[in-house]
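Going down the list, the protein sequences come from chains A and B. Under this note's numbering, the first residue of the first sequence is numbered 3, with each subsequent residue one higher. Under this note's numbering, the first residue of the second sequence is numbered 321, with each subsequent residue one higher.
Heads up, a few of these hints could be off.
[As the list claims (entries may be wrong)] Derived lysine-lysine pairs resembling DSSO-like cross-links, with alpha carbons at most 30 angstroms apart: (1) B:410 x A:326; (2) A:349 x A:306; (3) A:363 x B:535; (4) B:423 x A:326; (5) A:220 x A:206; (6) A:325 x A:306; (7) B:410 x B:423; (8) A:306 x A:268; (9) A:207 x A:218; (10) A:220 x A:207; (11) A:268 x A:207; (12) A:363 x B:547; (13) A:207 x A:217; (14) A:306 x A:217; (15) B:535 x A:349.
[What the hints assert, rightly or not] Partial list, computed: chain B residues near chain A (C-beta under 10 angstroms): (16) 443; (17) 445; (18) 477; (19) 499; (20) 521; (21) 535.
[Claimed, not checked] These stretches of chain A come out as covered by chain B in the derived footprint (C-beta under 8 angstroms, 3 or more residues): (22) 72 to 79; (23) 170 to 181.
Note that these hints are calculated values from the structure, not bench results. No residue lacks a Cβ here, since even glycine has one placed at the ideal position from N, Cα and C.
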Amino acid sequence: MTQSGYASERETTEGRVFTVTGGDWDTVTGSVDPLSNEKIVVNMGPQHPSTHGVLRLVLELEGETVTDVRPVVGYLHTGIEKNLEYRNWTQGTTFVTRADYLAPLFNEAGYCLAVEKLLGITDQITERANTIRVLFMELNRISSHLVWLATTGMELGAISMMLYGFREREYILDIFEETTGLRMNHAYFRPGGVAQDIPESAIKKIRDFLVYLPKKLKEYEDMLSGQVIWQERTQGVAVLDVTGCLALGITGPVLRSAGLAWDLRKTMPYCGYETYEFDVPTATTADVWGRYQVRLAEIRESLKIVEQALDRLRPGPIFVADKKIAWPAQLAVGLDGMGNSLEHVAKIMGQSMESLIHHFKLVTEGFRVPPGQVYVSIEHPRGELGVHAVSDGGTHPYRVHMRDPSFVNLQAIPAMAEGALLADVIAGGASLDPVMGGCDR
Amino acid sequence: MTIEPNNPTGGVPVSADPVGADIDAPAQTPSSPRKGMFGITGSGDVSGFGGLVRRHPEVVGTPKPYGGYFDEVTDALEEAYPGFADAIEKVVVDRGELTLHIKAERIAEVAQIMRDDESLRFELCSSVSGVDYLNSDARRLHVAYHLTSMTYRRRVRLEVAVPVGGFVPSVTSVYPTADWQERETYDMFGVVFAGHPNLTRVLMPDDWEGHPQRKDYPLGGVPVEYKGAEIPPPDQRRVYQ
Numbered sequence: 003m004t005q006s007g008y009a010s011e012r013e014t015t016e017g018r019v020f021t022v023t024g025g026d027w028d029t030v031t032g033s034v035d036p037l038s039n040e041k042i043v044v045n046m047g048p049q050h051p052s053t054h055g056v057l058r059l060v061l062e063l064e065g066e067t068v069t070d071v072r073p074v075v076g077y078l079h080t081g082i083e084k085n086l087e088y089r090n091w092t093q094g095t096t097f098v099t100r101a102d103y104l105a106p107l108f109n110e111a112g113y114c115l116a117v118e119k120l121l122g123i124t125d126q127i128t129e130r131a132n133t134i135r136v137l138f139m140e141l142n143r144i145s146s147h148l149v150w151l152a153t154t155g156m157e158l159g160a161i162s163m164m165l166y167g168f169r170e171r172e173y174i175l176d177i178f179e180e181t182t183g184l185r186m187n188h189a190y191f192r193p194g195g196v197a198q199d200i201p202e203s204a205i206k207k208i209r210d211f212l213v214y215l216p217k218k219l220k221e222y223e224d225m226l227s228g229q230v231i232w233q234e235r236t237q238g239v240a241v242l243d244v245t246g247c248l249a250l251g252i253t254g255p256v257l258r259s260a261g262l263a264w265d266l267r268k269t270m271p272y273c274g275y276e277t278y279e280f281d282v283p284t285a286t287t288a289d290v291w292g293r294y295q296v297r298l299a300e301i302r303e304s305l306k307i308v309e310q311a312l313d314r315l316r317p318g319p320i321f322v323a324d325k326k327i328a329w330p331a332q333l334a335v336g337l338d339g340m341g342n343s344l345e346h347v348a349k350i351m352g353q354s355m356e357s358l359i360h361h362f363k364l365v366t367e368g369f370r371v372p373p374g375q376v377y378v379s380i381e382h383p384r385g386e387l388g389v390h391a392v393s394d395g396g397t398h399p400y401r402v403h404m405r406d407p408s409f410v411n412l413q414a415i416p417a418m419a420e421g422a423l424l425a426d427v428i429a430g431g432a433s434l435d436p437v438m439g440g441c442d443r
Numbered sequence: 321m322t323i324e325p326n327n328p329t330g331g332v333p334v335s336a337d338p339v340g341a342d343i344d345a346p347a348q349t350p351s352s353p354r355k356g357m358f359g360i361t362g363s364g365d366v367s368g369f370g371g372l373v374r375r376h377p378e379v380v381g382t383p384k385p386y387g388g389y390f391d392e393v394t395d396a397l398e399e400a401y402p403g404f405a406d407a408i409e410k411v412v413v414d415r416g417e418l419t420l421h422i423k424a425e426r427i428a429e430v431a432q433i434m435r436d437d438e439s440l441r442f443e444l445c446s447s448v449s450g451v452d453y454l455n456s457d458a459r460r461l462h463v464a465y466h467l468t469s470m471t472y473r474r475r476v477r478l479e480v481a482v483p484v485g486g487f488v489p490s491v492t493s494v495y496p497t498a499d500w501q502e503r504e505t506y507d508m509f510g511v512v513f514a515g516h517p518n519l520t521r522v523l524m525p526d527d528w529e530g531h532p533q534r535k536d537y538p539l540g541g542v543p544v545e546y547k548g549a550e551i552p553p554p555d556q557r558r559v560y561q
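Next comes chain B alone, as it looks inside the complex (with noise of 0.2 angstroms):
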């Protein structure tokens, strides 16, 4: 965004893009299927490491009965959200979590079943974070909302996707508390909630571009000295993975 210097409107003027901005920047983390061993590219590769693609694992869907309180809430859902076949993705049970895939234009159609209903009872709405999954495009920005049941003792996970640029519709309405946590996943990933009452940056300042937590925006730094060597910036190191 270019802001004239003497720009009529008064405020401050302008003329450059605030330091650390920077939207086009190149990807510097290949990160999803990743790609070498030692983080070397063109012609210092003689190992031929250089050419192994690391494959991501496709999320699959776990079959019925998922066991514990599982079963009960996606029963207790099923029973009291008509929608149900068409709003959930797939249910996925790992590492003992429930994590209900949902379709963004109907997440807050289910937080609030999932907290109004008797026998889900969410009232509480833990925590919202994105996470962005580079590389695939149309469901590449992730946001996970963990709900808690004090009634029951219970948590969830919802998980919605969209591509950049996509909507999802905000839960203050039924959850205020995700009123800043949705601001710091707008903040960090540019994730337009629809319906918020302020969507507006919450951790970077306000003219800041572009969304500090994608992976393809840099991590940034300079190199440091130190006990005689020079250690370049973080993500400028040679990267073992």
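Pulled out of the complex, with its shape left as it was, chain A reads as follows (with noise of 0.2 angstroms):
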């Protein structure tokens, strides 16, 4: 065993520890032997900016090399799943919507579908509440494949296009605020239709945003994929193939990177989707690089199917006819900011006493989902999402569950990243985009 001059050596339990005095780094780290040293553990996260929001990785190195990766979740847990069992179905959009926060429109929809197979009027939904779905859905596809892009740019050294993707995403935040009030969270979708119908300068804002973005994503193309770090990082990291995603129960962008072309809204269409007229890009990669051609196609995608569900905006109700279920529908904001419908006020006070009655019971109550239990799942940014809802037969659900992609999803990690380089696990679990706020839920 060399003694150097510089860094004298002692064994402790936890291993050999040098102390460096001296400056030559060359003689310190000569005189580690690489082939008897141990293995290292390291922790990372649950705060480190490359995991998106609180995932843990315990990783064990050896070098640069990962032997072993064990994600940890759970830090963000809510309890939205059981909170939902303690309010009325109609409430259980506001709490839905706030799981995977990029995509709370997802959320919503898969939630809100759920409840009317439960009542059987799926079929009921009008025409226009169905167009206006699709339309903020791929919206809000557009906007959260862009964060992805942005984030994934930003853990693989292209920082500026983390400020382009959040700065493109804001335009798509400002149609949603015309239209719902809010920027995200924004229980929009309702069992039975939309709660407000799109106003006009929102339609302006889209329309102008449909000419935006090709330009801007065209930029963005040619300012990643010809770049040489871009494609070593990505092309032929973490590579995982049809057989490893069926397996892992991954779906989505990672799924269709494998060149897999199973997409819900073509295979089982809800929503109208199957009257759209849309490709499901695939790759045949199965890497990083691959799923991000994926996600680039499908936001060019989505923006043909929001321009067909523009053209095909035709003027109607927004909500089903049943005004048990539509009771919220039609309101303004009222002297004190929240919403109000001032008719209906002076209705139940001082025209019809059954009126109040009704208007009592269905606030107080909300409305009755007959037994029995469903599941309905969608195409949401990161694959499947799945919505088990079981109904008692009372005003409350009896239990949600939400089959979260990025829950899913995160079951991955492991099989992509053991074997490969420290730095391909930023990429390979980027590349999966999750969102902790879905999969803790």
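These two chains come separately, so use the hints to put the complex back together.
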């Protein structure tokens, strides 16, 4: 064993410890025998900029090679599913929208479709409500993929992409705010329809955005795709083939990057997706590069759907005809800043005792949902979002389970990262696009 | 569980139960059969509605033919699985969904055949989730498996029921994706999956006690002031059912 003049060494229970006193690092590191050295365990997260929120990875490293990864989740568990059981069915949208905060409208859509299926009113959802849902879900898909592009860019060293991605997403959030009143956590889709109609000003903004984004997207693609560093960091990294995806339950862009064109909008359509014209982009490389290309192509496909949805927006009701389910519709902002319908208040307070009784019952109890259970799944930006809803015939959900794609997809991190370099854990994890709000619920 | 303050095994000494862990919590929501109307019990009820009892509807099996692809699926399973008559308790078709109620100890076998048989091919286990049917003791905890066949574009739900403390064979050897989802079901409901490689809590902290999604586990919460009025926590508010 060499004894360096600069670094004395001693054996401790934790392994060999060097005390460095001088400046010659070559001598110091040269005296470490790489073969006899033990593995080191590194804890990454839960607070780490590149773990997309509070994800914790316990990594076992041999040099820079990862030999073992254990993802630890649950830091953002907020009990959304439990809370739903204490509120009525309509109030449920306010909770589920907060699960996956980058795709709030998908959470709402999944939940509302499940409640509607339990009620048996899926066929009664009006044409306009369905079109608005498709329109908003696709805008949300674009905004979610833009955040993916932004954060992944940042994590792989393209900091400017982070700024651009978030900037373009702001345009979509403006459109959402114009219509729903909120940038995130909209509670806009309700069982039976949508809460408000789209104002003309928002439609104009969407039209402008349809012209604006394709040009910008081209710029970003030019900026990243030809970049040697970007290629090196993504090509052949974190490969997961179709077999691996199916075994681990991975869906969404990750599965499509492995070559299987499984998109629930095509294979098990809902909300009238079968009437829209769009393609399901796939790649065959099954790596981070493939997922990047699939997501970019999906943004373009979503733009196509948004355009078609805008063209087929016809005036009409946005809620089912059943007033028991539709009661919060047609609100206006009152003096106290909250939603109110002055005509409705005048009627129940001044004209009709029966209306007042009905109003009281509907507001305090909500509507009843016949007993039974359903499972509804939609294509979320990250994969299959499933909602398993159980009703016992009451006015509150008996049980709602959200099968969130982030939760299921995170199981793929060990399969993608073990045996690869530490830097590729970041790239692979980012390519799954996990959102911990959805994962932990 | 109590741990001695100066435990000789080392580690962090714990003298009190962790906050929020209350395994002996009283039942806060009488879920089934529901009783009364306004959440009022005792002398506060002068309306008489407090005595109303709502009964749970019985789940009844659906007679053949089931319609759609449901007949093909059940027939194919019957052909491929010799223990069909014994393992399948009930077949229910409701709202366009097929549910096979299966004896808990047979679930892994059935899952294997559902995945591998040529005419079934349920390659993907989309979701595993639990439901607590309080007051139906021997069948209190249900686990629902939602399988998807990508080849035939079909879905089916397998459902098992066990009492508290009962075992369900893990399907992780058939569907590795069920790993975390079974852990979540264990975490939230306390269903024990036998043969699971690493059955630990996944969402709640490791030292948590109790299983939060059970119906007799309280929601918890504190009263909040809103516009001058004090609003009680959600599970203590007056309930209109």
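Verification of the supplied hints:
Distance check on the hinted pair: residue 410 (chain B) and residue 326 (chain A) sit about 35 angstroms apart at the alpha-carbon level, beyond 30 angstroms; violated. A distance of roughly 44 angstroms separates the Cα atoms of residue 349 (chain A) and residue 306 (chain A); the hinted pair therefore is violated under the 30 angstroms criterion. Pair hint residue 363 (chain A) plus residue 535 (chain B) holds up; C-alpha atoms about 25 angstroms apart against a cutoff of 30 angstroms. Simply put, residue 423 (chain B) and residue 326 (chain A) have alpha-carbon atoms about 40 angstroms apart, too far for the 30 angstroms limit, and the pair is violated.
Between the alpha carbons of residue 220 (chain A) and residue 206 (chain A) the distance comes to roughly 23 angstroms, so the proposed pair stays at or under 30 angstroms and holds. About 34 angstroms separates the Cα atoms of residue 325 (chain A) and residue 306 (chain A), which puts this hinted pair outside 30 angstroms; it is violated. For the hint linking residue 410 (chain B) to residue 423 (chain B), the alpha-carbon distance of about 10 angstroms falls within 30 angstroms, and the restraint holds. Between the alpha carbons of residue 306 (chain A) and residue 268 (chain A) the distance comes to roughly 15 angstroms, so the proposed pair stays at or under 30 angstroms and holds.
For a cut-off of 30 angstroms, the pair hint linking residue 207 (chain A) to residue 218 (chain A) stands: about 16 angstroms separates their Cα positions. Between the alpha carbons of residue 220 (chain A) and residue 207 (chain A) the distance comes to roughly 20 angstroms, so the proposed pair stays at or under 30 angstroms and holds. Under the criterion of a C-alpha separation no larger than 30 angstroms, the hint pairing residue 268 (chain A) with residue 207 (chain A) is consistent with the structure, at around 28 angstroms. Taking the CA atoms of residue 363 (chain A) and residue 547 (chain B), the gap is about 24 angstroms. The hint holds against a cut of 30 angstroms.
A distance of roughly 16 angstroms separates the Cα atoms of residue 207 (chain A) and residue 217 (chain A); the hinted pair therefore holds under the 30 angstroms criterion. Only pairs whose Cα atoms come within 30 angstroms are accepted, and residue 306 (chain A) paired with residue 217 (chain A) is accepted, the gap being roughly 14 angstroms. Taking the CA atoms of residue 535 (chain B) and residue 349 (chain A), the gap is about 40 angstroms. The hint is violated against a cut of 30 angstroms. Annotation: interface hint on residue 443 (chain B) holds; nearest CB of chain A at approximately 5 angstroms, less than 10 angstroms.
Proximity of residue 445 (chain B) to chain A holds as hinted, the smallest CB-CB distance being about 6 angstroms (cut-off 10 angstroms). This hint holds: residue 477 (chain B) has a C-beta 6 angstroms from the nearest C-beta of chain A, less than the 10 angstroms allowed. With a least beta-carbon distance of about 6 angstroms to chain A, the hint placing residue 499 (chain B) at the interface is held under the 10 angstroms criterion. For residue 521 (chain B), the suggested interface contact is upheld, since its CB lies about 8 angstroms from the closest CB of chain A, less than 10 angstroms.
With its C-beta approaching chain A no nearer than about 8 angstroms, residue 535 (chain B) sits inside the 10 angstroms limit, and its interface hint holds. For the segment 72 to 79 of chain A, the assignment as covered by chain B holds, since 3 residues bring a beta-carbon within under 8 angstroms of that chain's beta-carbons and 3 suffice. Beta-carbon proximity to chain B at under 8 angstroms applies to 0 residues in the segment 170 to 181 of chain A; the threshold of 3 is not reached and the given coverage is violated.
The structure shown violates the earlier hints numbered 1, 2, 4, 6, 15 and 23.
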